[in-house]
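Single-letter residue listing:
2 protein chains.
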Amino acid sequence: MARYLEVYHEPKTIVPENHAAMSTQTSPSQITKDLQRQRDTSRDGFKNKVQLFALTHFGPVWAVVQKIGPVRRWLNNAMLNLEIYKTKTRPYALSMLQDYTSWESLTDRTWTGRHLPAKDISNGKPLPDAAKVAELFRRHGQEETLSPKSTLLFSDFAQWFTDGFLRTVYDFNRENRQLKGTGKNNSNHDIDLTPLYGVKKSITDAIRSRVGGKFKSQMINGEEYAPFYFQNGQVPEEFKELSIAGLDLHPVTDEAKATLFAFGGDRPNVQTGFAVFNTLFIREHNRVASELAKRNPTWDDERLFQTTRNIMIVLLMKIVIEEYINHIAPYHFKFRVDAPIEGSTRWYRQNWMTLEFNLLYRWHGLVPNTVNMPDGTKVPAAETVFNNSHLLKYGLGPMMEAASKQPAGDIGLFNTPAFLVWVEQVSIQMGRDMKLASYNDYREAFGFPRVTSFNQITGDPERQKRLAELYGNVDRVEFYVGLFAEDVRTNSTVSTLIGRMVGIDAFSQALTNPLLAPNIFNADTFTEYGLEVIDNTKSVSDILHRNIPDKSKHYTISMTRLDWKPV
Amino acid sequence: MARYLEVYHEPKTIVPENHAAMSTQTSPSQITKDLQRQRDTSRDGFKNKVQLFALTHFGPVWAVVQKIGPVRRWLNNAMLNLEIYKTKTRPYALSMLQDYTSWESLTDRTWTGRHLPAKDISNGKPLPDAAKVAELFRRHGQEETLSPKSTLLFSDFAQWFTDGFLRTVYDFNRENRQLKGTGKNNSNHDIDLTPLYGVKKSITDAIRSRVGGKFKSQMINGEEYAPFYFQNGQVPEEFKELSIAGLDLHPVTDEAKATLFAFGGDRPNVQTGFAVFNTLFIREHNRVASELAKRNPTWDDERLFQTTRNIMIVLLMKIVIEEYINHIAPYHFKFRVDAPIEGSTRWYRQNWMTLEFNLLYRWHGLVPNTVNMPDGTKVPAAETVFNNSHLLKYGLGPMMEAASKQPAGDIGLFNTPAFLVWVEQVSIQMGRDMKLASYNDYREAFGFPRVTSFNQITGDPERQKRLAELYGNVDRVEFYVGLFAEDVRTNSTVSTLIGRMVGIDAFSQALTNPLLAPNIFNADTFTEYGLEVIDNTKSVSDILHRNIPDKSKHYTISMTRLDWKPV
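Keeping their order, the protein sequence lines are chains A and B.
For the first sequence, this note's numbering gives the first residue as 1, with consecutive numbering after it.
For the second sequence, this note's numbering gives the first residue as 568, with consecutive numbering after it.
Please note that the accuracy of each hint is not assured.
[Said to hold, decoys possible] Below, simulated DSSO-like cross-link-like pairs (lysine-lysine); rule was C-alpha separation at most 27 Å, straight line:
no. : chain 1 : residue 1 : chain 2 : residue 2
1   : B       : LYS783    : B       : LYS960
2   : A       : LYS216    : A       : LYS393
3   : B       : LYS686    : A       : LYS294
4   : B       : LYS861    : B       : LYS783
5   : B       : LYS653    : B       : LYS901
6   : B       : LYS768    : A       : LYS201
7   : B       : LYS768    : A       : LYS435
8   : B       : LYS686    : B       : LYS655
9   : B       : LYS783    : B       : LYS807
10  : B       : LYS653    : A       : LYS200
11  : B       : LYS1132   : B       : LYS616
12  : A       : LYS201    : A       : LYS216
13  : A       : LYS201    : B       : LYS1002
14  : A       : LYS201    : B       : LYS767
15  : A       : LYS240    : A       : LYS201
16  : B       : LYS807    : B       : LYS768
17  : A       : LYS200    : B       : LYS783
18  : A       : LYS201    : B       : LYS747
19  : B       : LYS614    : A       : LYS119
20  : A       : LYS257    : A       : LYS201
21  : B       : LYS1105   : B       : LYS901
22  : A       : LYS180    : B       : LYS960
23  : A       : LYS405    : A       : LYS294
24  : B       : LYS747    : B       : LYS692
25  : B       : LYS807    : B       : LYS767
Just so you know, the hints here were simulated from the structure itself, not pulled from any lab data.
I would like the entire structure built from these sequences, with the hints used as guidance.
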């Protein structure tokens, strides 16, 4: 049992060893809406229903009130509190260290947090075999269910930025090639652009050019990229601090290996879509550093680098709240980063990523069988893994546009690609090893009534039947399974419980970033130019169009499907 | 220039190498009050004056309102906010890492924090020689000025518990035997009983017995003590993780060395008074663990130890706020720990000890020339250093009573014992190296008008004259010097600016302890018995009388002089 000390392995990014999938795309559908109609909504909770109704109706009213600055700001605050206070706020009483509270469990953040105490949910009767439960997740043959709302760009972004702080540490058994969660993590617990800057200083240092506050980079076909990680098949001395998660477990051709980048993060090389985002942010970092250098000719490399980094982290925060979260939420109200965040609130507490937050983010259903290229060719997903050749061939703008035009898969049971089903089993087993409470316990803790029958979880008769066969009783349904058994919420892209838990964690952990705090969110920290950049950035598209060789070009960049219409 | 990597050296605890002081005690005096009367109070600030007047008058009214539970609780909250909001709240924009804000400066707490940005206060004209400025602090010959209010017990407690979190790291130059602040610290930044439990887990592990949740201990004359650190002059293998700050720099007799204890903290062995408090808390820990074991027969050593630790940390918090801070404050209102602390406040932020907080706590004036023993003998302070023989000879209760009956020295200029004057110089130099803003800048930042003449700082003509000679202009007075040049506030035990800054830091850092948080301050964390212990502990005296061999004995234990009367 070798502990992964150097390469922290996140199953979310584990990739196929034998995958010859072919794509059979189904057309966008009203499946979600139809399922919602069949579901018994009697246990959704009256308050929840009222809130949802108010936020998803009266579009013109919402449009008007959001145009009145002070009203919008007040609403933004009120909405944040409304979402976050659905459950108990940090500090958490417990971590994965022990089943009781200790000074270590309260202070040592190398142990992953937990929302609810450990609990034996078996009730004396063994839970169904984890391998069988994992089969609930398997995509039906080649037929992938598509998300009616989200694009592959959304999927790539979600994985890329959460890889920065959802960093579970596993034991890896080389004999049976199985991963087992340890309850530990190597996260900095902040949404701090770790994929770009690396998890620690020695890594950041390795990728800095030490000139003008910039990252090391190279030009290929007139576009800027990180340097290559391998030189003649070897990692050069300057990049010894870097690592690529899972590379040693995966067969990679020499050709593909030669396209991997010297990134600060250990995961953006895992799949082309993540490398695309890292490349975008490297370019923006170097662009901003140049602009700062012009305006501050006396600043040294260090100050230019650090000030650029301050700006870049806030840019990520803006994208996360204003584009990504608003894409997920089915509301008319659009959340904003109203910095500085005053935060006279109970929720403004030190961040601590929890296991529940980590598990609920395993959106394997998003992963399509094939990835569409700018020229229309369809490449099996497996070929885009540990291989940046497509990015180098087509360039950044075209790759992002192609991802914006391809629908992602739908998040939920029966839609995990075959090559990721084993990860579902690892996740289910981890929930059991860490004694997570049941799906119903989490519903209750997050402001929903407990369900009393399977048709209150999902309107899909097949899901109901399979759940009933496995668990017999809704009270026995496990947290991880329940999350993904729920139907995707109408006009959202995740289920109701996932949506609520993502919101609570995302808001309360993103908005407590020190860069957004009252004494810090100012021109001393960012410069006036930096504040302008922050102000002018509301979407991934904004950043892309500042960082392409031909500034007159326009790409269609979107997390939301162009053909999506709210129902 | 060897960096102190293992033994972090805090000048506060540095001790004499050649010290043959004799005691000439002056009687308690009205010096403070008299000085206050002569001082020009026109720059004290109108709001400050009103607040002080209200809090130090109308005694009967305060007495009544504090008897009405809900009113008292409301007042307690209001008073805390009133004190804390006198300045900007955390997170701090800057640390000692850089003169500008960076992600590292915002997150790496091995760098000491700072309230105000770096500033050149010399204004083109060199500041007076640091050695000359340090002479301002020197006690006049053997004549020590006594505190009219505080006892040596107060002095010992202050040093003992702050040594747990004010942990500056210095470079030590072995050639000229000089310390130089590095801007770094090895603090955990919480008021967490580090003197008892040690700064990290490997140390805690070394002093645990692994039986019944207790510390290792030994019985001497029917009283419980920690084991000795040295066995036959050598540190045994089991204690290799422990260290004693400064011991290698100090000549210690074999006899004295044999009395040093195996403590978790690296500083409680430095002076008998600190060893007294550590011994008290070891006994209370072992007592509480025994009681928990009786009530929870199925618990293992680990759970007993950790739960006892939870209780002990809160006991410290109670003493700090309810005995120690109330002793310092001149108010009729008495602060309380109203746990759980809800904290819908801007001040509830992650702790980060600052250099200013560290410097203002250098209360060398408290240190008397001689220490009174229970039998009336007077031992030169130097002989109580790295030497626990007196504690072993007289026992815990008598030692604490003797300290309660001896007045401490007064905090301020002209009262630092000769052997500590070099530490004043180190402190002054550190303020300069770290480019601290001026005394007047700090007045302004903490809600006081800037002073315009020396007689607004102090009513003492000699202080005024010496300050004027050195600085010429009040705007040039350094932070560290100004703090201690101020007269002690009437009926307090520190100056006005120190009092305010101590309050802000103490409240906002003690009350944010996770053990006091809403989801944690409960019987799950402490047990019902633990909550009772917490409830029944309001003073050091309460703890002592649970931990002496003869339970029928009563000792007089007090931080306040028995002959003190408010004026």
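Against which earlier hints does the structure fall short, listed by number upward? 10, 17, 19, 22, 23
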